[in-house]
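Novice: What follows is the residue order along each chain.
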Amino acid sequence: MHKGYLAIVLHTHLPYVRHPEHEDFLEEDWLYEAITETYIPLITVFQRLLDDNVKFRLTMSLTPTLISMLSDSLLQDRYIKHINRLIELAHKEVERTRWDGEFNSLANMYLAKFYEARNTFEKYGRNLTTAFKAFQDAGRIEIITCGATHGYFPLMDVSRASIRAQVKVAVGHYEKAFGRKPLGIWLPECGYYPGYDEILKEAGIKYFFSDSHGVLHGTPRPKYGVFAPVYCKSGVACFGRDLESSKQVWSSIEGYPGDYVYREFYRDIGFDLDYEYIRPYIHPDGVRISTGIKYYRITGTTNNKAAYNPHWAKDKAAEHAGNFMFNRQKQAEYLFDFLQKKPIIVSPYDAELYGHWWYEGPMWLDFLIRKIACDQKTISMITPSEYLSENPRNQVLTPSASSWGWKGYNEMWLQGSNDWIYRHLDVASERMTELAKKFSNTNGMLRRALNQALRELLLAQSSDWAFIMGTGTHVSYAVKRTKDHLLRFTRLYEDIKANSVDEAWLSDIEYKDNIFPDIDYRVHQ
Amino acid sequence: MAMLRNVKNKIKKVTKKISAEKDAPKSKLKKEYPVDQAVETKIETAKYYTPERRPERAMQQDLPFSYDVDRMVLQVRDPWWLHTYWEVRHGTIEKLRHELKDDFSKAKRVLRVYDVSNIIFDGSNAHRFFDISVNEYATNWYIDAGGPGRSWCVDLGLLLPGGRFITILRSNVVHTPLEGPSWITDEEWMIPEDMFARLYGLGIGFGSSPAKVKRLWEQRLKREITSGAISSVSSPGRRPQEKKFWLVVNTELIVYGATEPDATVTVQGRHINLRPDGTFSLRFALPDGEQVIPVKAVSSDKQDERVITPVVNKKTK
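Listed in order, the protein sequences are those of chains A and B. Using the numbering used here, the letters of the first sequence map in sequence onto residues 1 to 525. Using the numbering used here, the letters of the second sequence map in sequence onto residues 1 to 317.
None of these hints come from the bench; they were simulated from the model. Any given hint could be a false lead.
Result set (BS3-like, lysine-lysine): computed pairs, CA atoms no more than 27 Å apart in a straight line [unchecked claim]: (1) K305(A) - K317(B); (2) K305(A) - K314(B); (3) K315(B) - K92(A).
Please build the complete structure, drawing on both the sequences and the hints.
Specialist: Below is the structure:
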């Protein structure tokens, strides 16, 4: 008998990185790597499931910044250039490894994968958003939205007009991309503070997610823990994360991705091979970077790594999928007896964990979905909106302020390395509200300047910059992005007030920061 | 994970940073530096000045040190800690200096932290407050409020020798989250205590034994089992910092040569492409063992043929 639900959520996000002013830009590789290693493998999995008529339900957030990059023709052309270079390198690798069977078959595997990536990319008209849209229209995945630029809401509390703008711009952008309204939202970093649900309600959003303690520490106590959603006073539903299922995948110690037969992330030929040989495929400045061709398995804890064996890895992914399903069945059975109600187990992950970090992740997901569909009847996959229409009556409570970041609150984005940004971001937000109030009806260049001011403000607010500053890697780029957008905003603010907008300069930054072409600055109220 | 280690190191730094003395020289530097730079830029610009073109409005190179406003913002870091940043206009301080005369130099600058839970704060009705001394250069502070589930407001002010407190700035009000489950239960959705404890443990991923749950939850906060460690921006595209000394040696073999540009060449039976001048170069990873590499060239009229066969033996000791 059917005893409970599993809601898998993939949060799919990258910050807006697009530099038309540079021929080759290192940080743009984040997108290209994610396309090759995560988005295309996921699309391939979903497409095969659809072709085989395997029923599945899965929730995916696609952030407005990511959708914008996937739909951008410059980045699309650059991806083709990127994948062509990888194909060329893989051809060379097939030749180079001719005398070493183990590595030769791996080189051939990569060559085939890169060709497949290019074909898939072309098949969807170079815009992968259309692939995800097709899966949503086919009733298989439910796409939800996120903050326009992934601003971290709990640290924008004195700038609520900006939170509102982040949500409204995102909702408008979603409608244009998918031809319908978003039902749910992934709050950036699951960052919630009591009352933000009101802003979601204004935008027509029905549900969001919080980390487990957001619901468990809510007031009053949640009767079903995280195994049923709750309604905030606004009527917006909140689904709490189940940490047990998360840990099985996420944990660096006991999680599946650390298994010794899986592919080793850090051993890449970009670092391993002779410099002169690999030079054309690394950064033009000569800095060694990952290429995506990785020949080793994790092997163990030392530096001695053995060659990757795709067959062993596939068997292991199947075994892990079986294990995950078994544990969810036991969990659902236990909870069903305990609660006298079908539990919903919410398991959210960063999509980039699958494929990019955990190479076998998409394969694991494929096995899991097929096993759930064919091998058992205890659990079924569901999306939050389906659950809510089946179970409209839920407890009302106020979730606790929380995030899914390091330590569960705001510290990742508020520490010595990044706390300086808020004094600038808050002033800019206040100034944006001032402009929106002062110029309620405009046209021509003034309107363009005001819209661009909001773009710059939103881009400066991306939580990614503070996060990167907090981790201590790529810091200079994150600092530069924060400053560049704030400085552009400030100049626009001053020029607009002085009625002296420099059109040539405005055109230049419109060309550089071209996100959200249909933005309307008046949403910032 | 390397990224996690970095994060931990950062935290250590933050804890150190809490002393404001460290901020002092930094703020001074920031104030004075742009002045020198402005002069330099002016000289530099004059050197390259071209009179025909209308000079473009120069883009500011760095964010301003201040916005010339009186402003204080309070933020929640976690259930126990708050963070505040502020800015005081020069004129505001001068006005106070003028009004307070001698008392101004004797006054201590303090942050007064008010517990304003469940009240509309009017400046005098706080449940309690405590003071933190700060120096005049500090512009932000991490506050150990020690009170989860409470509302807070902070003043920056002057504490006069007689005990009088003068507010310079007042922050917004924030609410710290609870550090554990709420004590409030819902009549309509009642749940027995031990049942909730089990559910709580299950949701947090520590099984259903209530005794362990609280301790494990605290550990979770300290030991960072949350996903944030590898969440957000992916692409940790770099090698991990490995402390152990290590060495990797690989060998490759380059086979190169030349023939007539229109000849047909095979290496180990496989056709290869020649460069326009008839030269060729191949590169192979060289595993242990013997490699026999016949290189055969056939002239375009198929009349001539040459075969040269290098044999390479590689051994790793």
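Novice: Hint by hint, which ones does the structure fall short of?
Specialist: none
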